[in-house]
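Colleague: Work out the full structure, taking the sequences as your base and the hints as a guide.
Going line by line, the protein sequences match chains S and E. For the first sequence, the working numbering assigns the number 206 to the initial residue and increments by one for each residue that follows. For the second sequence, the working numbering assigns the number 206 to the initial residue and increments by one for each residue that follows.
Heads up, some of the hints might be wrong.
[As the list claims (entries may be wrong)] The list that follows gives simulated cross-link-like pairs (lysine-lysine, DSSO-like), each with its CA atoms no further than 30 angstroms apart: (1) K497/S <-> K425/E; (2) K502/S <-> K502/E; (3) K425/S <-> K502/E; (4) K559/E <-> K425/S; (5) K502/E <-> K559/S; (6) K614/S <-> K267/E; (7) K639/E <-> K728/E; (8) K663/E <-> K728/E; (9) K614/S <-> K225/E; (10) K574/E <-> K559/E; (11) K614/E <-> K267/S; (12) K502/S <-> K559/E; (13) K574/S <-> K232/E; (14) K559/S <-> K232/E; (15) K425/S <-> K425/E; (16) K574/E <-> K225/S; (17) K232/S <-> K559/E; (18) K497/E <-> K425/S; (19) K225/E <-> K559/S; (20) K502/S <-> K425/E; (21) K559/E <-> K225/S; (22) K574/E <-> K232/S; (23) K732/E <-> K639/E.
[Said to hold, decoys possible] Sample of chain S residues at the chain E side, in silico, Cβ under 8 angstroms: (24) M210; (25) H223; (26) G269; (27) S406; (28) M413; (29) L546.
Calculated from the structure, these hints are not laboratory results. Beta carbons are placed, not taken as given, at the ideal position from N, Cα and C, and that holds for glycine.
Number of protein chains: 2
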Amino acid sequence: MHGLMQDWPLTVDRILEHAKNWHPDRKVVTRSVEGPIVSVTYAELYDRARKVSNFLQAFGIKTGDRVATLCWNTSNHMEAWYGIMGIGAVCHTLNPRLFAEQLVYIINHAEDRIIFTDLTFVPLLEAILPHIPKVEKFIIMTDADHMPQTKLPNVECYETLLEQASTDVVWGGFDERTACGLCYTSGTTGNPKGVLYTHRSNFLHTLMGLQATVLGATPKDVILPVVPMFHANAWGIAFAGPAAGAKVVMPGARMDGAAIYELLETEGVTFSAAVPTVWQGLLQHMRENKLKLSTVKRVLIGGAAVPEMLIRAFNDEFGVEVVQGWGMTETSPIGTVSNLLPEMEGWSQDEQIKYRVKQGIPPLGIDLKLEDDDGNRLPHDGETYGRLLIKGPTVAAAYFKGEGSILDKDDFFDTGDVATIDPLGYMQITDRAKDVIKSGGEWISSIEIENLAVGHPKVELAAVIGAAHPKWDERPLLIVKLKEGETLDKQEHLDFLQGKIAKWWMPDDVVAVDEIPLGATGKIDKKLLRERMKDYRLPTAG
Amino acid sequence: MHGLMQDWPLTVDRILEHAKNWHPDRKVVTRSVEGPIVSVTYAELYDRARKVSNFLQAFGIKTGDRVATLCWNTSNHMEAWYGIMGIGAVCHTLNPRLFAEQLVYIINHAEDRIIFTDLTFVPLLEAILPHIPKVEKFIIMTDADHMPQTKLPNVECYETLLEQASTDVVWGGFDERTACGLCYTSGTTGNPKGVLYTHRSNFLHTLMGLQATVLGATPKDVILPVVPMFHANAWGIAFAGPAAGAKVVMPGARMDGAAIYELLETEGVTFSAAVPTVWQGLLQHMRENKLKLSTVKRVLIGGAAVPEMLIRAFNDEFGVEVVQGWGMTETSPIGTVSNLLPEMEGWSQDEQIKYRVKQGIPPLGIDLKLEDDDGNRLPHDGETYGRLLIKGPTVAAAYFKGEGSILDKDDFFDTGDVATIDPLGYMQITDRAKDVIKSGGEWISSIEIENLAVGHPKVELAAVIGAAHPKWDERPLLIVKLKEGETLDKQEHLDFLQGKIAKWWMPDDVVAVDEIPLGATGKIDKKLLRERMKDYRLPTAG
Numbered sequence: 206m207h208g209l210m211q212d213w214p215l216t217v218d219r220i221l222e223h224a225k226n227w228h229p230d231r232k233v234v235t236r237s238v239e240g241p242i243v244s245v246t247y248a249e250l251y252d253r254a255r256k257v258s259n260f261l262q263a264f265g266i267k268t269g270d271r272v273a274t275l276c277w278n279t280s281n282h283m284e285a286w287y288g289i290m291g292i293g294a295v296c297h298t299l300n301p302r303l304f305a306e307q308l309v310y311i312i313n314h315a316e317d318r319i320i321f322t323d324l325t326f327v328p329l330l331e332a333i334l335p336h337i338p339k340v341e342k343f344i345i346m347t348d349a350d351h352m353p354q355t356k357l358p359n360v361e362c363y364e365t366l367l368e369q370a371s372t373d374v375v376w377g378g379f380d381e382r383t384a385c386g387l388c389y390t391s392g393t394t395g396n397p398k399g400v401l402y403t404h405r406s407n408f409l410h411t412l413m414g415l416q417a418t419v420l421g422a423t424p425k426d427v428i429l430p431v432v433p434m435f436h437a438n439a440w441g442i443a444f445a446g447p448a449a450g451a452k453v454v455m456p457g458a459r460m461d462g463a464a465i466y467e468l469l470e471t472e473g474v475t476f477s478a479a480v481p482t483v484w485q486g487l488l489q490h491m492r493e494n495k496l497k498l499s500t501v502k503r504v505l506i507g508g509a510a511v512p513e514m515l516i517r518a519f520n521d522e523f524g525v526e527v528v529q530g531w532g533m534t535e536t537s538p539i540g541t542v543s544n545l546l547p548e549m550e551g552w553s554q555d556e557q558i559k560y561r562v563k564q565g566i567p568p569l570g571i572d573l574k575l576e577d578d579d580g581n582r583l584p585h586d587g588e589t590y591g592r593l594l595i596k597g598p599t600v601a602a603a604y605f606k607g608e609g610s611i612l613d614k615d616d617f618f619d620t621g622d623v624a625t626i627d628p629l630g631y632m633q634i635t636d637r638a639k640d641v642i643k644s645g646g647e648w649i650s651s652i653e654i655e656n657l658a659v660g661h662p663k664v665e666l667a668a669v670i671g672a673a674h675p676k677w678d679e680r681p682l683l684i685v686k687l688k689e690g691e692t693l694d695k696q697e698h699l700d701f702l703q704g705k706i707a708k709w710w711m712p713d714d715v716v717a718v719d720e721i722p723l724g725a726t727g728k729i730d731k732k733l734l735r736e737r738m739k740d741y742r743l744p745t746a747g
Numbered sequence: 206m207h208g209l210m211q212d213w214p215l216t217v218d219r220i221l222e223h224a225k226n227w228h229p230d231r232k233v234v235t236r237s238v239e240g241p242i243v244s245v246t247y248a249e250l251y252d253r254a255r256k257v258s259n260f261l262q263a264f265g266i267k268t269g270d271r272v273a274t275l276c277w278n279t280s281n282h283m284e285a286w287y288g289i290m291g292i293g294a295v296c297h298t299l300n301p302r303l304f305a306e307q308l309v310y311i312i313n314h315a316e317d318r319i320i321f322t323d324l325t326f327v328p329l330l331e332a333i334l335p336h337i338p339k340v341e342k343f344i345i346m347t348d349a350d351h352m353p354q355t356k357l358p359n360v361e362c363y364e365t366l367l368e369q370a371s372t373d374v375v376w377g378g379f380d381e382r383t384a385c386g387l388c389y390t391s392g393t394t395g396n397p398k399g400v401l402y403t404h405r406s407n408f409l410h411t412l413m414g415l416q417a418t419v420l421g422a423t424p425k426d427v428i429l430p431v432v433p434m435f436h437a438n439a440w441g442i443a444f445a446g447p448a449a450g451a452k453v454v455m456p457g458a459r460m461d462g463a464a465i466y467e468l469l470e471t472e473g474v475t476f477s478a479a480v481p482t483v484w485q486g487l488l489q490h491m492r493e494n495k496l497k498l499s500t501v502k503r504v505l506i507g508g509a510a511v512p513e514m515l516i517r518a519f520n521d522e523f524g525v526e527v528v529q530g531w532g533m534t535e536t537s538p539i540g541t542v543s544n545l546l547p548e549m550e551g552w553s554q555d556e557q558i559k560y561r562v563k564q565g566i567p568p569l570g571i572d573l574k575l576e577d578d579d580g581n582r583l584p585h586d587g588e589t590y591g592r593l594l595i596k597g598p599t600v601a602a603a604y605f606k607g608e609g610s611i612l613d614k615d616d617f618f619d620t621g622d623v624a625t626i627d628p629l630g631y632m633q634i635t636d637r638a639k640d641v642i643k644s645g646g647e648w649i650s651s652i653e654i655e656n657l658a659v660g661h662p663k664v665e666l667a668a669v670i671g672a673a674h675p676k677w678d679e680r681p682l683l684i685v686k687l688k689e690g691e692t693l694d695k696q697e698h699l700d701f702l703q704g705k706i707a708k709w710w711m712p713d714d715v716v717a718v719d720e721i722p723l724g725a726t727g728k729i730d731k732k733l734l735r736e737r738m739k740d741y742r743l744p745t746a747g
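Modeller: Right, dumping it as structure tokens:
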């Protein structure tokens with residue numbers, strides 16, 4: 206028997222409509238790509254987004270069509286985002302940091318009909334133009350005065366289009382499972398894979414994110430998403446900000462410490478979200494210039510493990526609570542958030558830090574599972590390593606144009622991460638599944654050894670990979686890039702690790718190299734490193 | 206084109222499962238009906254709820270069957286609630302404060318197969334037993350030692366059933382639009398009407414309620430829902446508490462000031478939700494005994510307009526923020542919440558109070574509309590009165606076994622309330638639509654005049670109704686019940702209103718009566734009053 210509640214499809218156009226109706230004068234402030242800091246109200250942004258829909262329809266865009274954005278975090282980007290999604294088209298956020306060949310692959314694979322681009326990326330598009338022949342139109346996000354000379358064909362000026370467009374358009378009214386957004390993961394293996402979000406998944410993700418333990422946005426908040434909209438949807442802030450009636454501050458193209466600091470202070474930011482490197486840049490800028498933060502209360506950091514030093518520095522020197530989050534493009538992205546539990550409030554900072562450095566507990570709507578390679582559930586003891594699987598209405602079921610299922614028998618998605626879960630429920634990522642070293646049936650975290658080994662004063666960069674061993678299958682091999690002028694003494698590095706890791710984790714050998722390869726996102730490219738070391742044999746391998 | 210996210214039906218069994226998985230040791234504390242304060246963890250509550258499902262299935266309960274509860278707020282009630290809903294049966298919360306004939310009507314109309322009852326209500330059920338012949342079984346929520354002598358047939362002891370039941374049961378796995386809960390409105394006109402919630406509506410209501418501006422629950426919260434689970438689902442707290450991993454404190458049968466105060470202090474309650482009268486009782490108790498509140502930070506009050514005095518007293522004397530909410534059984538119930546906006550933070554308390562006494566702004570997921578009788582939208586100027594209509598996934602579309610639609614052309618539900626909405630978006634209820642006085646095409650709030658007139662020192666109770674008038678259609682008639690020994694001087698009451706209301710709101714006559722009839726919920730029964738005054742003619746009516 207069905208209940209008798211209203212049919213009200215969860216479509217994201219309702220989010221901006223809510224902001225327009227109930228928080229019309231609240232602002233979105235942007236450091237524009239052209240330079241000046243500009244602002245629009247939600248009422249104005251709503252009208253401009255409807256004009257985007259209006260001109261897209263005039264260009265023949267229909268429900269299901271992919272329209273791409275190659276843009277920084279700006280209010281213009283938010284307008285395009287809602288303008289595309291409101292009419293049932295798919296907003297494909299392109300990551301300008303990808304290699305050119307990856308961008309070409311993604312644009313063609315998605316069959317993007319139109320690309321919105323910031324001025325910054327016009328040269329990038331010009332360079333790949335011959336390889337993306339099916340793109341029908343390029344809309345440059347600027348006004349007539351700033352339109353560049355370009356060899357891009359079928360170019361339109363964004364502000365000119367808006368001036369000529371009407372707000373007369375129908376938003377929503379379609380099934381909540383309609384595709385809404387598309388974002389490709391930049392995996393180090395194989396081609397990028399597209400995650401195709403639905404209106405329903407984005408709406409539910411917004412509600413999940415509005416919880417006090419996650420983003421916790423309210424009209425009293427001023428939110429600065431440093432994390433880009435092309436990076437896992439800016440962790441939902443382009444939805445959660447208007448949904449809560451919060452002021453949003455968009456950093457545009459500048460994410461250096463000085464630029465971020467200026468926005469935090471002049472706009473009275475209370476909450477931010479960023480990857481560790483950006484926040485490290487901010488820390489350095491503030492220390493060098495002896496600056497303080499006067500309004501920021503809380504910052505959510507994710508995208509990579511947050512160094513303990515960063516948590517301590519922001520807490521001790523700036524009175525800011527650093528909260529770690531974990532997620533993936535495939536999870537919309539919120540997976541877990543690491544807040545302290547009430548029983549920890551009386552603990553020492555050192556005791557608290559042990560939990561703050563973990564990735565945390567899932568909110569309602571996310572299930573997690575820890576399994577061994579045979580699919581057996583592993584204990585939540587904080588020590589046993591296992592494959593991390595995830596399930597929920599905001600988690601991918603398949604990749605765009607992908608083949609077959611990516612879910613296990615219980616409909617969980619395999620994150621490709623190895624993790625522990627402790628008795629209080631805190632999940633901690635320990636490694637990528639493909640990088641973990643499998644020694645005698647037990648798992649060794651390559652990342653944990655690397656993080657320790659890099660602390661040796663002679664080491665500039667350290668990497669650990671599994672090397673073949675006839676008895677143990679794999680044993681850890683420590684690869685170091687030494688600082689200028691240093692020479693290798695293997696025992697020195699092993700001694701340095703002594704007592705910090707279990708004896709059976711101790712690398713069987715240490716090798717010095719001139720270069721440790723890094724991928725597009727700055728992480729060590731283990732795949733390439735393994736490839737380069739393929740002829741290496743462990744001395745213990747007999 | 207559909208997106209590619211996981212299929213994860215929004216069913217409420219997932220809420221308690223989430224609490225069991227991620228907050229297993231957090232507690233639900235109850236002042237038991239038998240007397241002592243008892244507690245269970247979410248892990249224990251989950252197992253007990255699954256045993257409820259198990260024995261209900263053994264009794265033949267299937268998906269869609271209605272199972273009723275006649276219970277106070279207790280952890281046992283929560284177990285029954287999830288145990289019933291988890292297997293797709295419908296949890297019908299009965300309100301013991303209804304008149305016996307209303308209870309009989311509701312039980313029969315719902316076709317309740319089983320009734321869970323607290324010890325308190327056994328005599329009530331015994332009294333109506335001859336009129337509810339289709340109820341197959343009564344489960345008394347106590348242990349074997351406390352089982353009463355009763356003439357109820359087919360009686361079971363709750364704890365004995367639990368001892369014999371297994372946790373082996375399948376929860377969920379059905380369509381998210383499956384009926385989940387049933388709650389009847391106790392309207393003053395016609396028979397009670399049943400609102401049939403879905404799993405989806407309850408799940409979405411939970412997420413909406415978890416927002417920082419609504420319930421804002423986190424694991425650090427200790428929540429005491431004084432508002433009963435049979436009164437609009439305890440405003441969602443039986444879902445939101447476990448969803449957030451918050452400790453919940455259940456008051457059982459005792460809701461007097463002393464009992465509530467004891468629980469607030471001994472259990473470290475941080476947040477509560479209650480109707481004004483309960484909170485007034487608490488205020489009186491604390492003032493008389495010179496007590497303070499050491500942990501409560503915020504209280505959500507709804508169910509009736511919150512007197513300004515109460516807001517000021519809790520803020521000034523106890524440092525507690527009183528937040529007003531508005532909703533209805535038909536709206537799950539959250540409709541609006543009255544938080545202050547950031548621009549009000551520097552305002553004086555007197556300026557802030559003007560917004561705190563309003564019912565507030567809707568959260569994402571709720572649309573409101575203000576209309577005149579002809580369906581024209583009215584301005585949000587804070588002055589224009591209009592019919593309040595509401596729409597959202599948590600709002601009723603029809604009544605159980607009701608005929609025809611209760612929605613307007615835009616699928617909005619008519620609340621039956623008259624309200625204003627101000628330029629900042631704050632909604633304020635001014636009257637019930639059927640009580641508002643329509644004079645010369647303009648609307649006059651009966652409640653506003655009553656609230657003023659009752660302030661006259663000679664008046665014990667005041668009511669205002671519309672009396673027929675040949676020129677103006679209706680004009681206000683003030684009806685007063687005077688205090689013992691007082692005599693009526695009409696002009697005195699009109700003089701008392703002078704300057705406090707618009708001239709054209711001034712009642713055309715004043716009448717003294719021996720009794721003003723009150724309904725089951727303590728509100729003035731205007732329908733009966735109008736019936737009694739049907740032969741009255743205004744002196745101004747010529």
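Colleague: Now look at each hint and say whether the structure bears it out.
Modeller: Hints versus structure:
1. A C-alpha spacing of about 29 angstroms is found between K497/S and K425/E, which places the hinted pair at or below 30 angstroms, so the restraint holds.
2. Between K502/S and K502/E the CA atoms are separated by roughly 19 angstroms; this keeps the pair inside 30 angstroms, and the hint holds.
3. Pair hint K425/S plus K502/E holds up; C-alpha atoms about 18 angstroms apart against a cutoff of 30 angstroms.
4. Between K559/E and K425/S the alpha-carbon distance is near 19 angstroms, which keeps this suggested pair within the 30 angstroms criterion.
5. Distance hint between K502/E and K559/S is fulfilled; the C-alpha atoms sit about 29 angstroms from each other, no more than 30 angstroms.
6. In summary, the hint linking K614/S to K267/E is supported, as the alpha carbons are separated by about 27 angstroms, within the 30 angstroms threshold.
7. The suggested pairing of K639/E with K728/E holds, with an alpha-carbon distance near 14 angstroms, which does not exceed 30 angstroms.
8. Under the criterion of a C-alpha separation no larger than 30 angstroms, the hint pairing K663/E with K728/E is consistent with the structure, at around 20 angstroms.
9. This hinted pair checks out: K614/S and K225/E have alpha carbons roughly 22 angstroms apart, not beyond 30 angstroms.
10. Taking the CA atoms of K574/E and K559/E, the gap is about 22 angstroms. The hint holds against a cut of 30 angstroms.
11. Between K614/E and K267/S, the direct Cα distance comes to roughly 27 angstroms. Compliance with the 30 angstroms bound is thereby established for this hinted pair.
12. The hinted pair formed by K502/S and K559/E meets the criterion: a straight-line CA distance of about 29 angstroms does not exceed 30 angstroms.
13. A distance of roughly 24 angstroms separates the Cα atoms of K574/S and K232/E; the hinted pair therefore holds under the 30 angstroms criterion.
14. Distance check on the hinted pair: K559/S and K232/E sit about 24 angstroms apart at the alpha-carbon level, within 30 angstroms; holds.
15. Restraint check: the Cα-Cα separation between K425/S and K425/E comes to about 21 angstroms, which is no more than 30 angstroms; the hinted pair holds.
16. Distance check on the hinted pair: K574/E and K225/S sit about 14 angstroms apart at the alpha-carbon level, within 30 angstroms; holds.
17. This hinted pair checks out: K232/S and K559/E have alpha carbons roughly 24 angstroms apart, not beyond 30 angstroms.
18. Under the criterion of a C-alpha separation no larger than 30 angstroms, the hint pairing K497/E with K425/S is consistent with the structure, at around 29 angstroms.
19. With a C-alpha separation of about 23 angstroms, the suggested pairing of K225/E with K559/S holds against the 30 angstroms cut-off.
20. Pair hint K502/S plus K425/E holds up; C-alpha atoms about 18 angstroms apart against a cutoff of 30 angstroms.
21. As the CA atoms of K559/E and K225/S are separated by approximately 23 angstroms, the hinted pair is consistent with the 30 angstroms bound.
22. Between the alpha carbons of K574/E and K232/S the distance comes to roughly 24 angstroms, so the proposed pair stays at or under 30 angstroms and holds.
23. Simply put, K732/E and K639/E have alpha-carbon atoms about 9 angstroms apart, close enough for the 30 angstroms limit, and the pair holds.
24. Interface hint status for M210/S: upheld, as the beta-carbon distance to the closest one in chain E is roughly 4 angstroms, under 8 angstroms.
25. Here the hint on H223/S is kept, as its CB sits about 5 angstroms from the closest CB of chain E, short of 8 angstroms.
26. Contact between G269/S and chain E, as hinted, is supported at the beta carbon level, the nearest pair being about 4 angstroms apart and thus within 8 angstroms.
27. The restraint placing S406/S at the interface with chain E holds, with a minimum CB-CB distance near 4 angstroms, inside the 8 angstroms limit.
28. Annotation: interface hint on M413/S holds; nearest CB of chain E at approximately 7 angstroms, less than 8 angstroms.
29. Here the hint on L546/S is kept, as its CB sits about 5 angstroms from the closest CB of chain E, short of 8 angstroms.
No hint from the list above goes unmet by this structure.
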